Amino acid sequence: MNTVMEMKDWKVNYGEVTVLNDVNIAFPENRITALIGPSGCGKTTLLKSLNRLLDEEVSAQTQGEITFKDRSIKDFHCETLRQKIGIVFQTPTPFPFSIEKNMAYALDYHFAMDRQNKKNLISEKLKLAGLYDEVKDRMDLSATNLSGGQQQRLCIARSLTLNPDVILLDEPCSSLDPKATAKIEETLLRLAQEITIIIVTHNMAQAKRIANHVAFFIDGELVEYQPTNDFFNHPQKEETRQYLEGLIG
Amino acid sequence: MRQNWKDLFIKGWLFFSIILVIGMSIYVMGHIIVNGWRSISLDFLISSPRGMPLGTEGGIFPAIIGSLALGIVSMLLASILGIATAVYLYQYCTSQRIYSFIRLVVQCIAGIPSIVLGLFGYTFFVVSLGMGHSLLAGALTLSIMIYPIVTINTEKALYEIQKEQVMVSYSLGVSKSYTFFHVVWPERKNDILSGVLLGTVYAMGATAPIMLTAAVLSAASPTSLFRPVMALPYHLYIMASERISIQNAYGTAMVLLMMLFTAYGFIFLLIRERRVDKQ
Chain Z
1 MNTVMEMKDW KVNYGEVTVL NDVNIAFPEN RITALIGPSG CGKTTLLKSL
51 NRLLDEEVSA QTQGEITFKD RSIKDFHCET LRQKIGIVFQ TPTPFPFSIE
101 KNMAYALDYH FAMDRQNKKN LISEKLKLAG LYDEVKDRMD LSATNLSGGQ
151 QQRLCIARSL TLNPDVILLD EPCSSLDPKA TAKIEETLLR LAQEITIIIV
201 THNMAQAKRI ANHVAFFIDG ELVEYQPTND FFNHPQKEET RQYLEGLIG
Chain H
1 MRQNWKDLFI KGWLFFSIIL VIGMSIYVMG HIIVNGWRSI SLDFLISSPR
51 GMPLGTEGGI FPAIIGSLAL GIVSMLLASI LGIATAVYLY QYCTSQRIYS
101 FIRLVVQCIA GIPSIVLGLF GYTFFVVSLG MGHSLLAGAL TLSIMIYPIV
151 TINTEKALYE IQKEQVMVSY SLGVSKSYTF FHVVWPERKN DILSGVLLGT
201 VYAMGATAPI MLTAAVLSAA SPTSLFRPVM ALPYHLYIMA SERISIQNAY
251 GTAMVLLMML FTAYGFIFLL IRERRVDKQ
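Chain order of the listed sequences is Z and H. Be aware that the first sequence starts at 1, since it is given in the working numbering, and climbs by one per residue. Be aware that the second sequence starts at 1, since it is given in the working numbering, and climbs by one per residue.
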């Protein structure tokens, strides 16, 4: 199993506050890795570190190294890195444009594609995200008129238009009902055949259902990182066991 | 029971304040309209001041055009700098120290008395840079005065956009400038433009900064950036302070007020259009 991304002694501070402390973790290629832990333990900061979105935040100081395909992420131009590592946020964030324009947004910036090729690619990615059949006849509709679950799948499809190697998801189902959540999970399992997925979730059952590996964080430190079965059935650390039993959280 | 009295007192206080403010505004406007409308005629609006002393007869056409020119040129200068500052703070600045420093400078500029700005404009633009009493020197001074208004209003407009939308654009590997023109500007342009217009209205009504830099008692309608101009507030000041013609001073005040109200009308329409869009 190849490693696609790796964090080495990664530390993030916001002023005096340490959010992530000496995190060492390797993410396997074309697998789903779930990051779990209590609120405020640094999971989102970890995601933002991976595609250098943290660079955009005021006062975030970092130390250590992150590699993507064995090259430091600092050696990549930000735009190139973010093309390869997409992110989907907690709240669905479609642009206030039509569905088609949302899908074409990044394509128009990065590539000079003819109309037909663009259309084909958009359809292909919408199919991959499991949204095509629901929107194919109303591509001119404003994306903000879609349901929460559809908006979130559109956001996933939009990041797929750039053919990323990794997709980061920050609690993508936290504002969705169980039916919409099931559709997103189905999409993620399909995508994981070709793409590495790193997902932050508070939903332990979700991690159990879809993840191949689970990493558990407390107060910015990686406590335990194991294959999903071992993590839930044979936790190595006392804190993990307590968290799984609901004694801390 | 005590709580009821308290509530009643607060309600009464609020009601009284609102009535007082609305009443005073209506009185001021009514006073100017009642005293000013008798001066208003086609000749007053389209001719130059005449008579001895100058301004007792004729009209205020060069002053209307002069004020518009000062407003437009200062608006252009202030919006280039003000919008750029706000966009830098919102999209580009990642250091808390630089952010705080720039905010402090902007607030300090906002606190400079307008007559002090006028003095600065006179010594720097008029004398040191050799611009002389001119439309450009006045507009530059006015643009310094309204720069904080444009910056603060633009920044406020930008912060109303969902930060995650901007982050989503960055996360798609899109540059900051493309994000600004394709996500931020279309969403916030009405509010940014209304902030710019608000600054322009403020500039068109200001007297102190142009007294020493641009405005003169009599001049033709502006044809060059390097010539002095007449301006409504300065004309009004001369008419009233020198007791040349109180009647024409009221007429000038009414025209100035109408121009400012028209600009406020545009601001209102811009904001309303955005609200309708959102619904």
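Just so you know, these hints were derived from the structure itself, not from any lab. These numbers come from a predicted model, not from an experiment. Some hints could be false.
[What the hints assert, rightly or not] Reference listing, derived: stretches of chain Z covered by chain H, where coverage requires no fewer than 3 residues with Cβ under 8 Å from a Cβ of chain H: (1) 51-59; (2) 102-114; (3) 155-163.
Glycine included, C-beta positions come from ideal geometry on N, C-alpha and C.
Status of the hints after comparison with the structure:
no., hint, verdict
1, 51-59, "holds (count 7)"
2, 102-114, "holds (count 4)"
3, 155-163, "holds (count 4)"
The structure agrees with every numbered hint stated previously.
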